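Enquirer: Start from the sequences, fold in the hints, and give me the full structure.
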Amino acid sequence: MTAVATALTAALAACGGTDTTTSGGPATSSTPGATAVCQGTTAKPGYTNGLHVQPNQATTLSGAGSTFVAPMLSAWSSTYAQQKSVQVAYQSIGSGGGIAQIDAGTVDFGDSDAYMKDTDIAKAKGPILQVPLVLAPVVVTYNLQGVSKGLKLDGETIGKIFAGVITTWNDPAITAQNPGITLPSSPIATVHRSDGSGTTDIFTDYLTKESPTWVSTLGGANKSRGKTVAWPNGIGGKGNEGVSGAVQQTPGAIGYVELAYALTQNLPYADVKNKAGSYIEPCIKTVLNATNGVTYPDDLRIDLTDASDPQAYPITGTTWALIYQNQTDAAKAAALVNFFSWVLTTGQDQTIALNYTPLGKDLQQRCLAQLKKMTLNGSPVVP
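In mature numbering (1 follows the signal peptide of the UniProt record, and there is no 0), the protein residues as written are -16 to -1, 1 to 367.
Keep in mind the hints are simulated off the structure, nothing from the lab.
Errors might be hidden in some of the hints.
As the list claims (entries may be wrong) - Cβ-Cβ distance ranges computed for the label pairs, FRET-style: (1) L167 x Q233: 19 to 29 Å; (2) K109 x A205: 23 to 33 Å; (3) G89 x I165: 50 to 60 Å.
Unchecked claim - Under the rule of at most 25 Å between Cα atoms (straight-line distance), these lysine-lysine pairs were calculated in the PhoX-like manner: (4) K269 x K133; (5) K357 x K345; (6) K357 x K101; (7) K207 x K222.
Bear in mind that the values here come from a model prediction, so they are computed numbers and not experimental data.
Using N, Cα and C, we set each Cβ at its ideal position, and we do this for glycine too.
Expert: And the structure:
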């Protein structure tokens, strides 16, 4: 496990596991009652009845991919290794790298915050199971002297900022949404990912849905969303840690990261306007609300951005474990099923302490059903 992920895990554990993870104060919203959604604590899901496949020998599983989930995977792997004879070695290299490595068959599992598209699957050495593991928000974080909380932004404004159309903090589009905040005339420095990133895919999916300016600047909807896009300007950072670090070091900066990384750097983040017109604070409850009313396809390739629930945080995503459906090594097959079954049951109780969001019961059951599809040389791994 990377040193970055281990340090993040320790720092986030110190933040506690309530639903009061704010950017310095409670969010405000245009919808009465929306502020209260994030107050109080959230109970651990307490899921049981995982898949009963036990590893019969000491095994090491290799994985690579998402930086979004790295702190959570670090915590899961550490706890799991204390109970089982399975070690998990995970390289936090970005979702694009995770897809490339599972396609090449160089790891036992990949991880990506952007599901594998048909073109990705076509490069693989066989059918791939895509299994959501946890939910989390992508937050719009910033470094603006004197503004430590309460900044509100809608999707079109965020899109214009990252398109290079809005270039100063006191632009009328920003001040109109923040009448109680004195915003400086200083320039905005945008920070984006320099590597293939599922976090970027989630963020640009939201912008593509909410910002016509972003779409037109990038040259159309087929170019405005993806793990990589042709950023019009800005500073590139590798991984969520690179973006959060650049924002922290650059006065006037704005970037996008998974919530855990903003918390670790003590960076504030905006309340973002959702589809219902409410400015919503990212927290466990508003992230889980993004799954309300979702129809899940059999392959679990889902988009959770811009959800219809009036109290849903609009830049919500999940992260997928990417596993070959047919395995050829009995020890590895048993270890993969056992580890990810544990993650989807007992492991969900660890998510809240690190400010991730556990899967809802419906999605969690569907994920276990995905794991049950795994085979060993064509025969079911799960009895």
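Enquirer: Can you name, in rising order, the numbers of the hints this structure does not satisfy?
Expert: Violated: none.
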